[in-house]
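Enquirer: Below, each chain spelled out in residue letters.
There are 2 protein chains.
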Amino acid sequence: MRIEAVDLFYVAMPEVTDAGDGSQDALLVRVAAGGLTGWGECEASPLPSIAAFVCPKSHGACKPIADSVLGQSVETPADIARIAHTIAWDSMDLLQAPHTWSGIEMALWDLIGKARGEPVWRLLGYDRAHPKTPYASQLWGDTPQETRDACQAQIAAGFRAVKCGWGPFGRGTLQDDVDQLHAAREGLGPEGILLVDAGAIFGEDIEAAAARLPALEAVNATWYEEPVAGMAYEAYAAIGARSSKVRLAGGEAAHNLFMARHTIDYGKVGYVQIDCGRIGGIGPAKAVAEHAVARGVTYVNHTFTSNLALSASLQPFAGLEDHRICEFPVHTRPVAKAFCATRIEPDARGLIHVPDAPGLGVAIDPKGIRDYLLDVEIRVGGRTLYSTPSPD
Amino acid sequence: MRIEAVDLFYVAMPEVTDAGDGSQDALLVRVAAGGLTGWGECEASPLPSIAAFVCPKSHGACKPIADSVLGQSVETPADIARIAHTIAWDSMDLLQAPHTWSGIEMALWDLIGKARGEPVWRLLGYDRAHPKTPYASQLWGDTPQETRDACQAQIAAGFRAVKCGWGPFGRGTLQDDVDQLHAAREGLGPEGILLVDAGAIFGEDIEAAAARLPALEAVNATWYEEPVAGMAYEAYAAIGARSSKVRLAGGEAAHNLFMARHTIDYGKVGYVQIDCGRIGGIGPAKAVAEHAVARGVTYVNHTFTSNLALSASLQPFAGLEDHRICEFPVHTRPVAKAFCATRIEPDARGLIHVPDAPGLGVAIDPKGIRDYLLDVEIRVGGRTLYSTPSPD
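Chains A and B, in that order, are what the protein sequence lines are. Quick note on our numbering: the first sequence kicks off at 27 and runs consecutively. Quick note on our numbering: the second sequence kicks off at 27 and runs consecutively.
Just chain A, same shape as in the assembly (with noise of 0.2 Å):
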């Protein structure tokens, strides 16, 4: 099969706003060969990714994503690496790429797995997908009170995990972050897990972020996520070390192999968060769970858009049974709904399954798309460079 087409669809929200929500707006791709049609999605600024694919070259090494992707054969796993690997060249210099990339890559394994009847998952070398423990993720409460009602309220719908994360945490005292933490365990009752996300608000202020720590021990929170900015890594060190009992959790920011396996390796985090739609796609991804499993690390999923995202997301760590929580966005926006015909929901169990099905297993619904999107027309020295295509 060649890649005769990549066709690449700006969605959003009539109205966007400044809340800290990745899904009010998205960048799909579509790519054709060989008769199929595979799917993927870039977590990113869509216009920036689209001109990365478009660009006019500026020098070897700075190629637009478009020059290393069309006419190229892809039959097998190896070919998408081979092609990663000549984007990693070719277009070193131009920093959007990876992120342009992720979603090309993303479609890339959704079409060969439609090609060989195969999900994802069993390309990746997986005999099973095992069920993951999805968290609902939430804002803290701009009061304990808050906090603790919306936890009790996920609780009550059915999930043993929440977030916490952003809102007022950090921005306070102390004390004010202490209450909160144990109004979320009280909301949460005994069993529940409890995750906190303090959304990078310390900096590089070591001791700021270690000061929570005793109460993170005493409300038994299984990650601190993001307490420093994200490649603090001396600092994430340096917190981690403070604690025997919480473990930090970090990475969703990686936009290559590298940075991950640095906020293992430097970083020294419990958990290590990867985004599909950031770095790089699927293969990186699983790299990055082996190299977690190597290290005694536990990999989790980051993803907040659609279902289309949630499924690559879930594909690296399908088969490590020892890697259960996983990222799952329950309050998106509808354009994040509305072109996935297929619809990723927690079983009787609270459970989240990854799709059984050829590729990524999520069907798209053109009509979804047509009614989000945006028009988009990129013009440069005269010639037209992109134009948005039709979704039909």
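Source of the hints: derived by calculation from the structure; they are not laboratory data. Virtual Cβ for every residue (Gly too), placed ideally from N, Cα, C. Where hints are given, some of them may not hold.
Below, a sample of chain A positions facing chain B; criterion: calculated Cβ distance under 10 Å [as the list claims (entries may be wrong)]:
| id | residue |
| --- | --- |
| 1 | TYR36 |
| 2 | THR43 |
| 3 | GLY60 |
| 4 | THR63 |
| 5 | LEU73 |
| 6 | LYS83 |
| 7 | LEU121 |
| 8 | THR126 |
| 9 | ARG287 |
| 10 | HIS288 |
| 11 | TYR292 |
| 12 | LYS294 |
| 13 | VAL319 |
| 14 | GLY322 |
| 15 | VAL406 |
Here are the simulated DSS-like cross-link-like pairs (lysine-lysine), alpha carbons at most 30 Å apart as the crow flies [what the hints assert, rightly or not]:
| id | chain 1 | residue 1 | chain 2 | residue 2 |
| --- | --- | --- | --- | --- |
| 16 | A | LYS393 | A | LYS363 |
| 17 | B | LYS363 | A | LYS83 |
| 18 | A | LYS294 | A | LYS271 |
| 19 | B | LYS294 | A | LYS294 |
| 20 | A | LYS83 | B | LYS140 |
| 21 | B | LYS363 | B | LYS140 |
| 22 | B | LYS83 | A | LYS363 |
Mind docking chain B on chain A? Use the hints.
Expert: Then chain B, alone, in the frame of chain A:
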């Protein structure tokens, strides 16, 4: 002064080749505030960088650069740092952001320097600017004889330092590279400073990269640049530990302060090479210079385009007398020369001086922009987000 306008100019040679020559195009930035104009240059793919400036917001941590810049007050360097901090948060998930911001940041230093009648290096806290020893950067010849001749020619042209890079190095046998290294030393004579750039050819192969060390020591090479992938810090440290004479150099791709620090602290390089057009501008580059001084590492500029970018690249270490070697592009394409009315050339002793004039000290010729300007138009959802402005 309020930032009234940021204009981006995409200039390029009529034909851009696959050569590893970053001077074939440029993204120039003009910032207007308080009746003054500042100029900067992104070392970046122009189209995605323009898109990162104008793109619609995706969510609270994925906003266009324009949102953090336009209308902001700029009186002092602290204002530039404040805007950089906003971008680090509000454009956290926009991968291309640091490349776009780098050129704007430079332009803001140029603007504040002009407003105060001070060169940028003085705004950075340096009392004086020390001359630098430029190195002529060239490719390895296809044969040792070609390399010998090319090195001899640069010495004859007045250079005291030459860098040989890329080309056949690492692509043939070990003996081929040994022959090339000896040829370079013969061409330079015993006194010439020899710098070797492997162009990341060995990937993560520590043994292959280290196998060249005895020859590098024998020819008294000053540094061994990018023997492996830029972020393979583990490999850098391992290779560096194998030699007490030759020190490693790296860091050119760093797009934030963390990456540069990690190249020093984890990679254990002896020379850190920073491109102001990528790392987020002059402010973070100066922070790298301070970190380098504290660690006993030598700071070197990385730059391969215009004299505007060269001036910006020299500012962060202008006052560091012991950090003498500087990159000086010798064979840039006409587009990179056309828009700089001020030329930075070696003096009679072969030394480079950072301009002692307000701002970056490089006058811009609008005609030179016009001659190579590419018209760009970006439309999203029926609105024109960007249309190439007039350089006049």
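Enquirer: What are the numbers of the hints that this structure violates, sorted from low to high?
Expert: 3, 4, 12, 13, 14, 20
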